[in-house]
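Participant: Based on the provided sequences and hints, a complete structural model is requested.
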Amino acid sequence: MNPRPSLKERIKIERQSMPEQAASDRQRNFKEVNLGFDERLAMLEAQRCIQCKEAKCIAGCPVLVDIPRFINFVAEGNLAAAAHSLLGDNALPAVTGRVCPQETQCEIECVRGRKGAPVAIGYLERFVADWAYQQPNQAPMETAPPTGRKVIVVGSGPAGLTAAGELVRRGHDVTIYEALHKPGGVLVYGIPEFRLPKKIVHDEVERLKQAGVKIECNVVVGKTYTLPELREHFDAVFIANGAGLPVFMNVPGENLKGVYSANEYLTRVNLMEAFAQSDTPVLIGKRVAVLGGGNVAMDAARTAKRLGAEKSMIVYRRGKAEMPARLEEIHHAEQEGIEFEFLVAPVEVVGTPQRWVSGLKCIRMELGEPDASGRRRPVPIKGSEFVIECDVVVVAIGSRANPLLTSTCPELKLNKWGFIEVDDQGMSNLPGIFAGGDIVRGAATVILAMGDGKRAAHAIDDYLKTK
Amino acid sequence: MHKILRQTQLSPNVIRLDVEASRIARTRQPGQFVIVRKGEGSERIPLTIADARTDEGSISLVIQAAGKSTRELVALQPGQFIQDMVGPLGRATELIAQGCALCVGGGVGTAVVYPIAQGLHRNGVQVISVIGGRSKPWVIFEPELRRLGEVVVCTDDGSYGRHGFVTDAVKDLLSQRKIDVVYVVGPVPMMRAMAELTRPLKVHTIVSLNPIMVDGTGMCGGCRVSVGNETKFACVDGPEFDGHLVDFDLLSDRLSTYRQIEQQVNARHEEACKIGLNR
Ligand SMILES: Cc1cc2nc3c(=O)[nH]c(=O)nc-3n(C[C@H](O)[C@H](O)[C@H](O)COP(=O)(O)OP(=O)(O)OC[C@H]3O[C@@H](n4cnc5c(N)ncnc54)[C@H](O)[C@@H]3O)c2cc1C
Ligand SMILES: Cc1cc2nc3c(=O)[nH]c(=O)nc-3n(C[C@H](O)[C@H](O)[C@H](O)COP(=O)(O)OP(=O)(O)OC[C@H]3O[C@@H](n4cnc5c(N)ncnc54)[C@H](O)[C@@H]3O)c2cc1C
Ligand code: SF4
Ligand code: SF4
Ligand code: FES
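Here the protein sequences line up with chains S and E, keeping their order.
Just so we're aligned, residue 1 is where the first sequence starts under the numbering used here, counting upward by one.
Just so we're aligned, residue 1001 is where the second sequence starts under the numbering used here, counting upward by one.
Since the hints were derived computationally from the structure, they do not count as laboratory data.
Glycine is no exception: its CB is placed at the ideal position from the N, C-alpha and C atoms.
Ranges between beta-carbon positions, derived for each pair: (1) S/A144 with E/F1081: 32 to 40 angstroms; (2) E/Q1263 with S/H202: 31 to 39 angstroms; (3) S/Q335 with E/E1271: 34 to 42 angstroms; (4) S/H331 with E/S1252: 37 to 45 angstroms; (5) S/G368 with E/S1022: 54 to 62 angstroms; (6) E/Q1263 with S/R28: 24 to 32 angstroms; (7) S/H202 with E/Q1260: 32 to 40 angstroms; (8) E/D1180 with S/H233: 38 to 46 angstroms; (9) E/S1022 with S/Q135: 35 to 43 angstroms; (10) S/A22 with E/E1271: 33 to 41 angstroms; (11) S/H458 with E/R1199: 55 to 63 angstroms; (12) E/R1146 with S/P431: 49 to 57 angstroms; (13) E/E1271 with S/G398: 41 to 49 angstroms.
When the alpha-carbon atoms are kept at most 25 angstroms apart in a straight line, the in silico PhoX-like pairs for lysine-lysine are as follows: (14) E/K1232 with S/K257; (15) S/K214 with E/K1003; (16) E/K1232 with S/K416.
Facilitator: As structure tokens, this is what we get:
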């Protein structure tokens, strides 16, 4: 192996770009857009990390991945050690490497970003994780001797999966109850295949099962079992049921045929595989308007294009700079020919006499005074209404707390928006009932949900020791 | 995996399946439903829990062959399986505790009304059932309902029971007796007609809505209906609502969303059956 280049030489290396499927090809297929680094690119990129003594990047990561450590192993070409290091810190690096908003978390803190581009931490994380999952005879997860304690995890999204893994490692008997027929939460029903291949989630679920986690799908807690019932039969419960309640616009015409919530649209396509000609239908719009500016909106707009839409548009009430979506998604969407209407808000969905969507009536906005979030509040410009012609509208303006579970346990303390209140250990006001992920934070991110799962698992472990 | 225990033909296009589902059998209440997915690639479709036996841990589904998914289900034989079944979903029926209730069922809706009638009977309520079908072979659940009280059967062609629609029979009953509440389950036009009939009489009328559903947990909003000018999600807020407040036009309109796509699927399915490609 070559000796490591000097620091001076390493500083000169430019950030390596991610090989990707050409926009013209990928517009019409559901295969992953990013193709991943090969070993040569990964080692080159890893050389760019100057191994800061006080690595600022770590503080940017919600689960405190020891970034310089695993990257150093990559630079040395010791992938096994890199994998060992990374997997010790992060249970789902193949997922987070793909979907974390790195530009606002780890990478924004990277010193190399002060002059030029930050180290591509996400791409390297993905590279190491993918390498690790491809190795034959992977060591199975090590688990402590059985403790005889039984824990229920509600929901199999990133929070639930992470907690289940941590708990089973500590020897607890863990069962996940999942409402849908397939585990993975938003990772399988929301985030599309072209961004996060389902196989990754599937493999992780299999790994957990091999370690002893039991996963029962088709169980809706609140219906099939109630929370008080679970409390009676189990030593602890971790609630990670996400924020699955779609928000609509509250404008006339919202129930016309052709108006979808992003949840419904993406579920039909991803979970129910409407893109692969399964029995579940989805309307293929010629012109699709997607409302919102987050990851969910980008996913819906890019999905519409792939399903065959001639025109797919993002309609957002603020400006480009305010869009909460990951930069890479916005960039990919632009490359794929998604059109953007900024500073525009819907006032009505207009329809044909047969009540099919025929357009979205909007009003133009201008940015006024900053609001509570510090972002300038959009205010409508009088008389600026216009109609965007379209035949499918997808509403991706957020989601709220789904009350299905919490309403069956009135003693559980919620905040005024219906999210579960927890202490800094992740425990609710009811002893033994913990919660984390979107049901505590509101729609947030995969890595924050995982962080909650990990923290709650440790707290549950402590709690079970004292009980 | 849920094993089919028994399969019984109830009418020319309605089949009863008794299926293993002990967890659901134990907790289900009148008015609740399950969502089933027959196998890989199948749709998720909602079906009411028509009956349950806790002793053998089974529930009964009564299914009308409408399109591809229901046709595949009615073709299942004892010993075969339904891959996924989730429930019990939806709110339980608001059952009155005393008095007299009319249970009105049309077509496959008769099976849906049956658990409601059972619940009412258990509460000690007097139950009168009015059930209809196009002709004699289409009338279902008559013996079961007879065990719970009086039954009036109507057929469109007069081949059995009273000649005419259930609305005519209900109109007569409402003028003769004191009825506290009417439960109606059937095709949308029938539920609408019943609601119009009882509205001027101010008789509380509960209808069971059947919009298109996906998850059944309030996550997708696909099942939205309008009740009293408010949008509701039928899978969690319903499926039963006050019939006098329901926007039936919207319901039947939204039910037609995929009609064209479904017709193509059905045509393909029939073709595949003919040439023997069928699974
Ligand atoms: C389309 C889309 C794109 C996104 N893109 C990104 C991204 O790029 N990067 C990022 O970091 N974040 C992204 N997010 C946000 C991220 O996915 C969520 O913050 C994260 O998944 C929350 O994890 P969770 O475990 O709390 O809940 P979820 O992932 O929502 O999982 C909850 C699970 O619980 C199940 N459940 C619900 N109720 C019950 C019940 N009563 N009983 C049993 N099970 C139940 C649900 O079916 C679900 O499987 C995206 C979200 C969406 C919708
Ligand atoms: C809460 C609830 C309970 C139900 N209980 C029963 C039951 O006990 N027995 C039963 O046979 N059916 C029941 N249904 C209706 C059943 O779910 C539909 O008939 C089924 O989804 C149609 O699927 P398919 O693929 O066979 O037909 P498709 O090819 O999808 O449709 C065939 C025809 O039925 C219409 N249709 C589609 N979806 C529905 C729907 N959800 N309801 C009514 N018509 C629809 C279509 O517009 C089309 O005209 C219930 C529906 C709901 C919402
Ligand atoms: S988990 Fe996310 S935030 Fe943390 S290092 Fe990896 S990509 Fe960055
Ligand atoms: S801040 Fe950047 S350069 Fe420094 S250790 Fe972290 S990734 Fe490497
Ligand atoms: S079926 Fe999805 S919200 Fe009711």
